[in-house]
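**Q** One letter stands for each residue in the lines below.
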Amino acid sequence: MMTSPEFAPVMKALSIRVIGLGGAGVTLVGKLHAESPDGVRCAVIHTNSRVLDHSPCDERVLLGAKLLRGLGAGGDPDLGRAVAEDSAEQLKSLCSDTDLVVIVAGLGGGTATGVAPVLARIAKEAGALVLAVVAVPFDFEGQRQRQAQAGLRKLRGAADAVLCLHNQKVCQLWNEDTRALEIFNNANELWAQGVQGVLNILTRRGLIHVDFADLAAVLRGRNSESCFATVEAAGENRSRDLIEKALAHPVLDHGHALTEADALLVTLVGGPDMTIGEVNRIMDALRRQPEDAQFIMGASICEEFAGRLSLTIVAAKHAVQDIDQPNDDKPSGGERPGDPQIETQFLRPPEMESLSASRFVPPPPELTESKKSELFARQGGRGGKMRKTGSRWRQGQLPLEIISKGRFEKSQPTIHHGEDLDVPTYIRRGIKLN
Amino acid sequence: MFNSSPIIVGLELGTSKVCAVVGQLSDGGVLNIIGLGQSRSRAIRKGEIVNASDVAEDIRNAIVEAEQMADVEIRSVYLGVTGGHIRGFNNRGFHSVVSADREIAPEDVHDVIKNAKAINLSAENRVVHVVRQHFSVDGQNGIADPVGMFGARLEVDVHVVHGQFTRLQNPIRAVKGVQIDVENIVFTGLASSLALLSNEQKELGALVIDIGGGTTEFIVYSAGTIKHTGVFAIGGDHISNDLGYGLKVPLPMAEKLKIEHGSAAVDDSDKGVAIQLPCETGLPDRTLQVGHLRRIMSLRVEEILELVNEEIEGTGLREYMRAGAFLCGGGARIPQIDKVASRILGMPASIGRTNSMSGLKSALDQPEFSTAIGLVKFGSFEQQKHLHRTGPLHALKSRFSQFFRVG
Numbered sequence: 001m002m003t004s005p006e007f008a009p010v011m012k013a014l015s016i017r018v019i020g021l022g023g024a025g026v027t028l029v030g031k032l033h034a035e036s037p038d039g040v041r042c043a044v045i046h047t048n049s050r051v052l053d054h055s056p057c058d059e060r061v062l063l064g065a066k067l068l069r070g071l072g073a074g075g076d077p078d079l080g081r082a083v084a085e086d087s088a089e090q091l092k093s094l095c096s097d098t099d100l101v102v103i104v105a106g107l108g109g110g111t112a113t114g115v116a117p118v119l120a121r122i123a124k125e126a127g128a129l130v131l132a133v134v135a136v137p138f139d140f141e142g143q144r145q146r147q148a149q150a151g152l153r154k155l156r157g158a159a160d161a162v163l164c165l166h167n168q169k170v171c172q173l174w175n176e177d178t179r180a181l182e183i184f185n186n187a188n189e190l191w192a193q194g195v196q197g198v199l200n201i202l203t204r205r206g207l208i209h210v211d212f213a214d215l216a217a218v219l220r221g222r223n224s225e226s227c228f229a230t231v232e233a234a235g236e237n238r239s240r241d242l243i244e245k246a247l248a249h250p251v252l253d254h255g256h257a258l259t260e261a262d263a264l265l266v267t268l269v270g271g272p273d274m275t276i277g278e279v280n281r282i283m284d285a286l287r288r289q290p291e292d293a294q295f296i297m298g299a300s301i302c303e304e305f306a307g308r309l310s311l312t313i314v315a316a317k318h319a320v321q322d323i324d325q326p327n328d329d330k331p332s333g334g335e336r337p338g339d340p341q342i343e344t345q346f347l348r349p350p351e352m353e354s355l356s357a358s359r360f361v362p363p364p365p366e367l368t369e370s371k372k373s374e375l376f377a378r379q380g381g382r383g384g385k386m387r388k389t390g391s392r393w394r395q396g397q398l399p400l401e402i403i404s405k406g407r408f409e410k411s412q413p414t415i416h417h418g419e420d421l422d423v424p425t426y427i428r429r430g431i432k433l434n
Numbered sequence: 001m002f003n004s005s006p007i008i009v010g011l012e013l014g015t016s017k018v019c020a021v022v023g024q025l026s027d028g029g030v031l032n033i034i035g036l037g038q039s040r041s042r043a044i045r046k047g048e049i050v051n052a053s054d055v056a057e058d059i060r061n062a063i064v065e066a067e068q069m070a071d072v073e074i075r076s077v078y079l080g081v082t083g084g085h086i087r088g089f090n091n092r093g094f095h096s097v098v099s100a101d102r103e104i105a106p107e108d109v110h111d112v113i114k115n116a117k118a119i120n121l122s123a124e125n126r127v128v129h130v131v132r133q134h135f136s137v138d139g140q141n142g143i144a145d146p147v148g149m150f151g152a153r154l155e156v157d158v159h160v161v162h163g164q165f166t167r168l169q170n171p172i173r174a175v176k177g178v179q180i181d182v183e184n185i186v187f188t189g190l191a192s193s194l195a196l197l198s199n200e201q202k203e204l205g206a207l208v209i210d211i212g213g214g215t216t217e218f219i220v221y222s223a224g225t226i227k228h229t230g231v232f233a234i235g236g237d238h239i240s241n242d243l244g245y246g247l248k249v250p251l252p253m254a255e256k257l258k259i260e261h262g263s264a265a266v267d268d269s270d271k272g273v274a275i276q277l278p279c280e281t282g283l284p285d286r287t288l289q290v291g292h293l294r295r296i297m298s299l300r301v302e303e304i305l306e307l308v309n310e311e312i313e314g315t316g317l318r319e320y321m322r323a324g325a326f327l328c329g330g331g332a333r334i335p336q337i338d339k340v341a342s343r344i345l346g347m348p349a350s351i352g353r354t355n356s357m358s359g360l361k362s363a364l365d366q367p368e369f370s371t372a373i374g375l376v377k378f379g380s381f382e383q384q385k386h387l388h389r390t391g392p393l394h395a396l397k398s399r400f401s402q403f404f405r406v407g
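Sequence lines, in order, name chains A and B.
1 is the number of the first residue of the first sequence in this note's numbering; add one for each residue after it.
1 is the number of the first residue of the second sequence in this note's numbering; add one for each residue after it.
Please note that the accuracy of each hint is not assured.
[To be verified] List of simulated lysine to any residue pairs, SDA-like, C-alpha gap at most 20 Å:
(1) B/Lys114 with B/Arg75
(2) B/Lys248 with A/Lys92
(3) A/Lys410 with B/His85
(4) A/Lys432 with B/Lys339
(5) A/Lys405 with B/Tyr320
(6) A/Lys410 with B/Lys114
(7) A/Lys245 with A/Ala217
(8) A/Lys410 with B/Arg167
(9) B/Lys117 with B/Arg75
(10) B/Lys271 with B/Gly314
(11) A/Lys92 with A/Lys31
(12) B/Lys271 with A/Arg50
(13) A/Lys432 with B/Gly272
(14) A/Lys432 with B/Ser53
(15) A/Lys432 with B/Asp267
(16) A/Lys405 with B/Leu247
(17) B/Lys248 with B/Ser198
(18) B/Lys385 with B/Val50
(19) A/Lys432 with B/Asp268
Note that these hints are calculated values from the structure, not bench results.
No experiment lies behind these values; they were computed from the predicted model shown.
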């Protein structure tokens, strides 16, 4: 996906370095290496020399060569972190003279989980912006899943922006019989598409331009749930197809991620034949999804995309649980601005009165400091959620009426032709007594 | 006294009661019922044990009562088994007669039945009964006993009743736990039919429905043999449970209402009739509509009978059950159930009577006891068979007495 000479990159100065960390990161960056846009340089880092040897990238860094003898970190993030600190100089040189460092890593293992936060910190110290694009393991991976979550928290503290792909979401799309290899390949594929899409956002000149600042604005402070996806469509109904595909995308939770998002970055890439009607239709459809979210859009033209459209969506959601967690893993400050302050306004008495003059509003109760902070935390979590439930695309659910089986609650049910005969006959047949 | 007239005990572990019936086989081969013991069953649901120690106590109580009444010591019982896992189906066995003159020997009969038993049941299942229906020799059907006939190809139709091995094992274990041997296990539906039906009725064709506390068994006879059996794990308990849920009364109260005011059909006269419910907690008394109670109850009863009807429909034997349907078990006590049953089943239905037996007549001629009595009867058949095999003199005697009876 080279940028055509006609629309040559504007930001000559912007140099991007994509760094693959750990097994999955090395593999993915190996793939990206072949088709990376101009101004993007790739590098790979691992503690295992054999994995590094197989990478097509030119710049390969083996960490802890002395300590680990090139045999890997054995799934221990602490070991990964230690060797990374040990070779800080080496990492620093890798990040020098770069505007943006994109860390690509599959969290959960030793190297990626341990090294990523350190690398992010070093890159930042070297004066670069840091974007981390990471994958979190499947739920069944157990221990790795926990390690990944811990690593993710640390990484959020260190990087400017973190994009996170949940492998488990990919899993939902397939049934029990799907081959494991297929799932892993597919997860990698989606990940690669997303990374590619994000790189395109950053390097391509746009009609409506989007740059790293926009991306960071969407991702910053929204620390927990962010997801990204790229979809493509061609043909006569491409704009409609594109919307359908985006809403059905597994990573976007079949559109739920969009309805629940607090911030959205959408970029559309099309050929010179892209019409304003199409742009309008797509953006309109997507704008309607999150009713009151921050919405940043971009559009660009690229000759290679003649006859087709490509849409990259980055959606971010407020963190719920992190606010009331102890501050251990959190950055030194300024990372998560705004949210509680915005919410405090809801508790301010004058605001309440001015809002509802026609109704009787009881005065707010006296609150202690600790109680207040607790309420803020709760509001920060639930306030966001409650706003979203009003969205148009949400399927309403009625509570299921549970009929007590009384005496037979604990015995094996008597099922006959799919009917549970323990439930009173008159209820099953819907006969009213009165 | 001990060996001259052996006693036979039938033990039924029912959902509502544990019941032991003691019978004595007189010298003439006539069965006398001499004792009955029962106790309320507390730990059986849908015909299967849910608490082994409670069941052991109930068994002990029933046995002790029966022992006292009959003045005997009970060492072994014929045990009734039931439960939703029990199924019945028909199977056919083949055997080629190999002797030179093609005369069918008892060994051939033995072999063909053995072949018919070799059924592809899954490992967890165990056969409870194999009942032979008819033999056929070289395509000639309807032969009752082929020994001595000539033929090359011997076939037999059997009815097989089977259930899950582990679930059949539970009641056996419970009985053995109180130091009593189990002579044999008997499907309770089969036992009930033995108690209720005379040979003529079996020949005519009949349907027996045993509506117990937790299960409903049914068994179809035609041309003197068993054609179909089955169990549904629904019974009187379900009726009480429905009432408890529908009328919002506790289960014991629902049970009481069922017995006092229940009916299988709703009449016009029920409309507006109310029952006062006494309330111990001091709250004002509640009134219930009898119509509601009977509506809930009749729907469940009708459903049970409809399920049986469905099964019969599948066999295509309805026209062959000319003696009609016989109801037993506690469910047969529901007023008007016979009318509802004849309407749904499309054949005359009546409450079965255990009149083919002597002894304690008035006490035992109740629909609840038919299974236990049937178990004793099953035992007596087995004992007689046993006598045939062991003592030639006995065998001769009983055979003679049989001739006399037939004549």
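**Q** Against this structure, judge whether each hint is valid.
**A** Quick rundown of the hints versus the structure:
1. In summary, the hint linking lysine 114 of chain B to arginine 75 of chain B is not supported, as the alpha carbons are separated by about 31 Å, beyond the 20 Å threshold.
2. Restraint check for lysine 248 of chain B and lysine 92 of chain A: the C-alpha separation of about 75 Å exceeds 20 Å, so the hint is violated.
3. Under the criterion of a C-alpha separation no larger than 20 Å, the hint pairing lysine 410 of chain A with histidine 85 of chain B is consistent with the structure, at around 17 Å.
4. Proximity of lysine 432 of chain A to lysine 339 of chain B is assessed by CA-CA distance (about 24 Å); at most 20 Å being required, the pair is judged violated.
5. A hinted pair counts as satisfied when its Cα atoms are at most 20 Å apart, and lysine 405 of chain A with tyrosine 320 of chain B does not qualify at roughly 38 Å.
6. At roughly 40 Å between alpha-carbon atoms, lysine 410 of chain A and lysine 114 of chain B are farther apart than 20 Å, so this suggested pair is violated.
7. Under the criterion of a C-alpha separation no larger than 20 Å, the hint pairing lysine 245 of chain A with alanine 217 of chain A is inconsistent with the structure, at around 26 Å.
8. The suggested pairing of lysine 410 of chain A with arginine 167 of chain B holds, with an alpha-carbon distance near 17 Å, which does not exceed 20 Å.
9. Of the supplied pair hints, the one linking lysine 117 of chain B and arginine 75 of chain B is violated, its CA atoms being roughly 30 Å apart against a limit of 20 Å.
10. For the proposed pair lysine 271 of chain B and glycine 314 of chain B, the alpha carbon gap of about 37 Å is over 20 Å, so the pair is violated.
11. A C-alpha spacing of about 24 Å is found between lysine 92 of chain A and lysine 31 of chain A, which places the hinted pair above 20 Å, so the restraint is violated.
12. Using a Cα cut-off of 20 Å, the hinted pair lysine 271 of chain B and arginine 50 of chain A is violated, with the two alpha carbons roughly 87 Å apart.
13. With a CA separation close to 16 Å, the supplied pair lysine 432 of chain A and glycine 272 of chain B stays within the 20 Å bound.
14. Restraint check for lysine 432 of chain A and serine 53 of chain B: not satisfied, since their Cα atoms lie roughly 42 Å apart, outside the 20 Å limit.
15. Under the criterion of a C-alpha separation no larger than 20 Å, the hint pairing lysine 432 of chain A with aspartate 267 of chain B is consistent with the structure, at around 17 Å.
16. Under the criterion of a C-alpha separation no larger than 20 Å, the hint pairing lysine 405 of chain A with leucine 247 of chain B is consistent with the structure, at around 14 Å.
17. Under the criterion of a C-alpha separation no larger than 20 Å, the hint pairing lysine 248 of chain B with serine 198 of chain B is inconsistent with the structure, at around 44 Å.
18. Annotation: proposed proximity of lysine 385 of chain B to valine 50 of chain B is violated, straight-line Cα distance about 35 Å (limit 20 Å).
19. In summary, the hint linking lysine 432 of chain A to aspartate 268 of chain B is supported, as the alpha carbons are separated by about 17 Å, within the 20 Å threshold.
In terms of the numbered hints stated before, the structure departs from hints 1, 2, 4, 5, 6, 7, 9, 10, 11, 12, 14, 17 and 18, listed from lowest to highest.
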